[in-house]
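Protein chains: 2
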Amino acid sequence: MILIKNALNLDGFRTSILIEGNKILKVQSDVAQELSPQATIIDASNMLAISGFFNAHTHAAMTIFRGYQDDLALQDWLNKIFKLEAAYVDETMVYWCSKLACLEMVSCGTTGFMDMYFFEDQVAKSALDVGLRVVIGEGLLSFQTPFCADFKEGLKKTFDLKEKYKDHPKAKVSFAPHSLYTVEKNDLELLSNTIDKNDFVQIHLAENLTEVNTVLSKFGQPPTFVLEEFGLLNSNTYLAHCVHLTDDEIELIQKRNAHVIHNPQSNMKLSSGISSVCKMIQKGVDVCLGTDGCASNNNLDMIEELRSAALLQKLFNPSYMNAKLAVRIAQNFGGFFDVALSEGKLADVVLIDLDAIEAIPLYNPASFLAYAANSKSVDTVIIDGKIIYKNKEFVDVDVQEVKFNVKKIAKKIGSL
Amino acid sequence: MILIKNALNLDGFRTSILIEGNKILKVQSDVAQELSPQATIIDASNMLAISGFFNAHTHAAMTIFRGYQDDLALQDWLNKIFKLEAAYVDETMVYWCSKLACLEMVSCGTTGFMDMYFFEDQVAKSALDVGLRVVIGEGLLSFQTPFCADFKEGLKKTFDLKEKYKDHPKAKVSFAPHSLYTVEKNDLELLSNTIDKNDFVQIHLAENLTEVNTVLSKFGQPPTFVLEEFGLLNSNTYLAHCVHLTDDEIELIQKRNAHVIHNPQSNMKLSSGISSVCKMIQKGVDVCLGTDGCASNNNLDMIEELRSAALLQKLFNPSYMNAKLAVRIAQNFGGFFDVALSEGKLADVVLIDLDAIEAIPLYNPASFLAYAANSKSVDTVIIDGKIIYKNKEFVDVDVQEVKFNVKKIAKKIGSL
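Chains as they are written, first to last, in my numbering: chain A, 90 to 505; chain B, 90 to 505.
One or more hints might be untrue.
Any copy will do: because identical chains look the same in the list, a pair fits if it lies in one copy or spans two.
Calculated cross-link-like contacts (lysine-lysine; reagent style DSS-like; alpha-carbon spacing at most 25 Å) [said to hold, decoys possible]:
| id | residue 1 | residue 2 |
| --- | --- | --- |
| 1 | 115 | 94 |
| 2 | 496 | 372 |
| 3 | 94 | 500 |
| 4 | 169 | 413 |
| 5 | 246 | 172 |
| 6 | 492 | 94 |
| 7 | 344 | 501 |
| 8 | 241 | 255 |
| 9 | 481 | 492 |
| 10 | 479 | 492 |
| 11 | 500 | 434 |
| 12 | 496 | 94 |
| 13 | 500 | 413 |
| 14 | 413 | 496 |
| 15 | 241 | 274 |
Derived from the structure by calculation, the hints contain no laboratory data.
If we strip away everything but chain A, and leave its shape as in the complex, we get (with noise of 0.2 Å):
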């Protein structure tokens, strides 16, 4: 048991959390010391707690192409990675630079992600092995790549994951087929015929225009509309960036309850344009965040993209993306796994320093987190009710031992 004291919450009430097992079992403002005298105690009276982030969108194991190639538009810039990747990329690199990825994203407040790439079998077992709760995806291509013939074998892969991961409760398997420029026809048939409507499906979808037009010309109609003939846009379908959608597909997309996945520097990063998030949550479109891979970002803060979230959409409305709101996308789960703050809940928890230089004055915690605070801030965080980082230290990892590994395999692809 876990007993946290006295934190003030995001709405700015002084609460205290007790997590049984890996449950939140009372969130109140007067949890007596008593009533649980075996708990571990954090007083976390100078702390704010909160939720913790869910990173939608990420390729944790490009963490080994981070600052590689900067500074180009999304074709050039994949033209440069699908190179770098054919020659580096194996099960080793994937499990080390995929931990490096989730020691940054548990340092960051995030506590769960999804994943999309190769070999993910070991992204699965760098998460559990830190603690992180997961959702995989093999990627799935039309085309051979070093690391798989075809998108059949590929899809052999992901069953294999998802027997192995059965009812797991920290690890799920998505289909992951990478995009509708990568994948042809037949293959997206062979993926509607072959999964049934519980599986989860992620896709990158209307990244910048250039996909569009390709998509438009290839499948003779838009992208989600694309998704839609093939029976792939239901309430398990999770589309990353969708930048450029027409409002006729944004109303699909809110009839079937897909998933949007908003990722705003990524799309700032690669010159393919702003999402247009408010007026899909608007319309009731349910919006996640995410960071990308860090190829295109450079990081996986969430601190960081909750606030270009909301500091872009000022572009179009000061008041809609508020620092709530943003705050929300980035805690949003997706349906993944139930976690909240509140009774009977996953608890996933992030204490963030409220001594902080940028923390002072403190009006509006919410503000704070969007608009002033940064992962320095991040004291402790807890997943599935176990401590996995405190005092701004890893409780159980060898840090040290993944930052070897991970330089020791960028050196051979030239880093300083």
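Take the given structure of chain A and dock chain B to it, following the hints.
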């Protein structure tokens, strides 16, 4: 003497830096320790050494209003802020709140700033007490404020400040007409006739469209041409924001060698827009970077600001505002102080920890700084040859005293 040994520089080379007095004596790859037996040695083999940042437009004391009022456009926000200021601004408040701002700036790698507010003598005092370089400017308005009877009195205050800080090595004084919508024609004339061409002038210009329209109907021409008409546009003029300039205005600014200060985060937060700074730089305009005040940002972090500057410009073009250029505008002291990481220059040196998770791998130091680093990596800050901040702690400032005093003032306003 200080010897910084074996740091990485922004170009990816190992370098040692010998500081004598307030200047850099030597920058080379092999400064032998024997040459400087009395020097304080800093082993920087796991550090990036950069020249300090100059926060070219801020209102340090407004830190007291951080997070009090968000999610509004400029004019609505200003109306709220003016009321708060009337009630809470005095000398004591300006001293302590500016001092907290100075602590935040140093901890983010800033070594100098330009300020515009009231009771600017206290801003200078707080900056010099912490150790920062500062350019102050008593806000000049054509209407009465609780702090100043009229424009004339503001002018007199500025002349007094000029006399007080005459030849000061770290503090300079500017004339600070607030904007063309708060200053009347006769006062612009008065200013123009009173100052000489060596005097510095800072002003908010073309921040949003409402302002531009107000100026057009009040003066009959666009803002930059108004300054030109009154003889207030020259190489000592500093123009904050400049979000809505015509091409003719940009050309005129370039011809007069005036300086533009870019404030990307504040311009987003107040729904002002995106400034075309790349176009300005391409046309030869000198561009500096600033955070604006904490009431509209809501922090003073120049690493975050330069990242926003780079990412936002990529919405127009992915390549032009590359990592190095973004860092360069953040380090632009606008001619006020001769700071740089080279021999004979003023010694403002910032060391950034390369053992941070987000610094791994490291292919390109400028990319790391622009796209991945955050202020938790700032390890050491040297200003004017003096170590102000070391191992992420202030060497010589009573930080608790500053926090205590700001919290006391903020409590009256409603801080939690």
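To see whether the hints hold, each was checked on the structure:
1. Within a single copy, residue 115 and residue 94 get their C-alpha atoms as close as 12 Å, which meets the 25 Å cut-off; across copies the closest is 54 Å, which misses it.
2. Taking CA atoms no more than 25 Å apart as the test, residue 496 paired with residue 372 passes in neither setting, with 46 Å inside one copy and 41 Å between copies.
3. For the identical chains of this complex, residue 94 and residue 500 are inter-copy neighbours only, at 23 Å across copies versus 45 Å inside a copy, given an alpha-carbon limit of 25 Å.
4. In this assembly of identical chains, residue 169 and residue 413 lie within 25 Å of each other by CA distance solely across copies; the values are 20 Å between and 38 Å within a copy.
5. Taking the shortest alpha-carbon separations for residue 246 and residue 172, only the intra-copy value of 23 Å comes in at or below 25 Å, while the best inter-copy value is 63 Å.
6. Within a single copy, residue 492 and residue 94 get their C-alpha atoms only as close as 34 Å, which misses the 25 Å cut-off; across copies the closest is 23 Å, which meets it.
7. Taking the shortest alpha-carbon separations for residue 344 and residue 501, neither the intra-copy value of 49 Å nor the inter-copy value of 49 Å comes in at or below 25 Å.
8. Within a single copy, residue 241 and residue 255 get their C-alpha atoms as close as 21 Å, which meets the 25 Å cut-off; across copies the closest is 77 Å, which misses it.
9. In the homo-oligomer, the alpha carbons of residue 481 and residue 492 lie at most 25 Å apart both inside one protomer (17 Å) and across protomers (21 Å), since each shortest distance falls under that limit.
10. Taking CA atoms no more than 25 Å apart as the test, residue 479 paired with residue 492 passes in both settings, with 19 Å inside one copy and 24 Å between copies.
11. When the C-alpha separation of residue 500 and residue 434 is checked against a cutoff of 25 Å, the pair qualifies neither within a copy, at 43 Å, nor between copies, at 34 Å.
12. Taking the shortest Cα distances, residue 496 and residue 94 sit within 25 Å of each other only across copies (22 Å), while inside one copy they are farther apart (40 Å).
13. Taking CA atoms no more than 25 Å apart as the test, residue 500 paired with residue 413 passes between copies only; the shortest distance there is 23 Å, against 42 Å inside one copy.
14. When the C-alpha separation of residue 413 and residue 496 is checked against a cutoff of 25 Å, the pair qualifies only between copies, where the shortest distance is 24 Å, while the shortest distance within a copy is 38 Å.
15. With identical chains, the CA atoms of residue 241 and residue 274 are at most 25 Å apart within one copy only, with a shortest distance of 13 Å there and 74 Å across copies.
Comparing the model with each earlier hint shows violations of hints 2, 7, 11; every other hint is respected.
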